[in-house]
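Given the structure of chain F, go ahead and fit chain R onto it with the hints provided.
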Amino acid sequence: MAAATATHGHGPAHATATGLDTLKLGFWIFLGSETLFFGSLISTYMVYKGESVVGPHPTEILNIPLTSISTFVLLMSSLAVVIALDALQRGLRQRALFWIMAVVLLGSGFLGFQAYEFTHFYHEGLTLTTNLFGSSFFILTGFHGAHVTVGVLWILMLWMDAFRGRLGPHNALKFEIAGLYWHFVDIVWIAIFTLIYLIN
Amino acid sequence: MATIEAHVPSVPGAKKRSLVWDLMTTVDHKKIGLLYAVTALLWFVVGGIEALLLRIQLARPANTFLSADMYNQLFTMHGTTMVFLVGMPIAVALFNIVMPLQIGARDVAFPRLNALSYWIFLFGSLFMNFSFLLGQAPNAGWFGYANLTSAQYSPGLNIDFWILGLQALGVASIMGGVNFVTTIINLRAPGMRMMRMPLFTWMSFIQSILVITALPVFAVALFLVTFDRFWGTNFFQIAAGGDPMLWQHLFWLFGHPEVYILILPAFGILSEVIPTFSRKPLFGYSVMVFSAALIGLIGWGVWAHHMYATGMGPVADAYFTIATLVIAIPTGVKIFNWIATMWGGKIRFNVSMAYATAAIVTFTMGGVSGVMHSTTPHNLQQTDTYFVVAHFHYVLLGGLIMGLFAGFYYWYPKVTGKLMSEKLGWWSFWTYIAGMHMTFFPMHWTGLLGMPRRVFTYSAELGVGTLNMVSTVGGFLSGLGVLFIVFNMIRSLKRGAPAGRNPWNAATLEWATESPPVAHNFNRIPTVHSREPLWVEREPIEATVFAEPEPLHMPPPSYWPILMAAGIVGTLALFFAPVWWAPLIGLAWTAVCIINWAYEPIH
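Here the protein sequences line up with chains F and R, keeping their order.
For the first sequence, this note's numbering assigns the number 15 to the initial residue and increments by one for each residue that follows.
For the second sequence, this note's numbering assigns the number 2 to the initial residue and increments by one for each residue that follows.
So here's chain F without its partners, still in its complex pose (with noise of 0.2 Å):
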């Protein structure tokens, strides 16, 4: 805590107005704009929502029983996080090599399907040119999956620094944040499988 203050700009004896970590409030106040991001997004489709002139349409194509197992995948992969960092606050090492690696495997299981629920819709015959579901549908959960992405490669870096035991309980925070990111990026998924597929 003391050292994540001095790197912005304060002696280590000076703490913060609030007593909350500078790098974790920041990240706070950014994920709030991402919210009113991903809220545009899913207004898009809202606005879009059975205006297409063409098919496919959602109700033809989208795939609930395998969706909610992708979002399964998903959901458990935040509870690897709230293990992870558990176990990095403690200094259980080879729990949280284990648990952090969960985080990156399970993200990645939530890629693969995206990865092949896009290629099916492709064979299908939806692509993002094809009307406007597809448009609002593959910028929607292209961006999701992009978040996940992201969140996938920087828990990787964050497992490799605990692997050559650069990540412990003493900078557990660092962790933490990307955490954050994670479980935001859950709970906007929640927000698409709800409003996307099992509405319809």
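Do not take every clue at face value.
Claimed, not checked - Covered stretches of chain F (chain R as the covering partner; in silico rule of three or more C-beta atoms under 8 Å from a C-beta of chain R):
1. 29 to 38
2. 41 to 50
3. 60 to 66
4. 141 to 150
Hints are computed from structural coordinates only; laboratory data are not their basis.
Since the structure is predicted, the reported quantities are computational estimates derived from the model, not experimental observations.
Beta carbons are placed, not taken as given, at the ideal position from N, Cα and C, and that holds for glycine.
Chain R only, in chain F's frame:
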């Protein structure tokens, strides 16, 4: 001062670097603020020249000075430049220079991110203006209405420069906003409670929240157009069911908060300048804070008053009319509070104070015409005419720019250690204010007589030739006023009288430190017990600020911000490359920068 410097552990080799290298790698909020200020002032001159070219074209009916296409490019880039390359960055410049000093911080929360914001802003603005060299500057208006921006109706590179350039500028603004909000929440000096913060800091706080929330909406809108143009999506393709209204809603959802993003910093400046030169604390401090917060909040609920002419129906029209009328109330409260601050004060009328009072008057005039066309029936008569042009130039040139000029005169001594010439200041004041009113007051008539905006010429039969000639002459007069200010700023660097620490005998913490401030701002961070620390508790504050420095660590310079900014803007620019994978090169470059950034030793 040298003895103070000696106590600060300097970065090895830092002394040997040249000025250019120093500026390219600096993470000091004051230097970054100066870079922002100089860059934005240069764009202000460019945007002003664009405006004068437009005015030459409009001076006479059926003029042929500019072609219709050139006129479109110039009015689009004039608007885009003044909003994104002048209004927003000049505010960021002042936030950077003043806000950390006002709250008693050593720097902003994320110094390297601050540098990154600046370099993205610089590269993005150069990228967008590069389009002029190709003769293909953006030409669909600063609002870029769909589906005029579609590949079908705008086949050139014009709109591509606009959407990609603005995407970069938006990223820079959001980064800046996150940085400022974090700084204000977390890096306040001991005792500096939120309700003791100077009003300028409050306004940068509320403005930054608006930036953080409004810009991502615009980013999405730009992405939709980008995907339509580059990858053939259907968002604004009418044949596929696409709806141009979606663009208008997304654009104005961003665009109306943007109006307050532009004006709130000026409100903050007035709230510093007026109490200082009235020798009175600001009247109704908490009301000022809450009215600004209310403006920020209601500012999110009035966007469709830009869209009455699209035919939204009576319910929507009625709601947006009422909401727009309501937002005039907290704004009016502010105006009365400034007047009440002056009431009974020992007013010192120097150039800064003159600009501040002129800003109140001119802004109020713009506010009155704003209330007029917030009402739907009025609006339908006035929309897309010069009446609207008159309105928003009164609030922006009258409120924002005069507020900024007041701020320039006010804080120039703090930044440079020199006072600006009052004599030249008065020359600039009178030429600018006369020119500004001469340009825009006649536009109320030309607008009500039916002269449409965004059209490159008009016929003599409309009978607005003389009024337009008056506007053009006024435009050049106000341009002269701006030149006086720029000249004054350059001249005073050498010839200005030494300012000392607190030339205005002002109350806030930035005046407690040296002019210009040392790199670490304060030897020791003072503890604050009041809203006007230098009026109420000057001696203990100065004793702390100039005490033996505590051992402290300032973040070292870094070249990763400028390299990463090159990567981000480069990625966007590489969309013009003939091969589809070209942007991936920029992305890879950016990724390398991110990794090096993350592992750069900064303590």
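Each hint, compared with the structure:
1. Note: the region 29 to 38 of chain F has 6 residues with beta-carbon separation from chain R under 8 Å; the three-residue rule is met and the coverage holds.
2. Only residues whose C-beta sits within less than 8 Å of a C-beta in chain R count toward coverage, and the region 41 to 50 of chain F has 6 of them, enough to reach three; the restraint holds.
3. Proximity of the region 60 to 66 of chain F to chain R, defined as three or more residues with a beta carbon under 8 Å from a beta carbon of that chain, is established by the 4 residues found.
4. With 7 residues carrying a beta carbon less than 8 Å from a beta carbon of chain R, the region 141 to 150 of chain F meets the three-residue requirement, and the given coverage holds.
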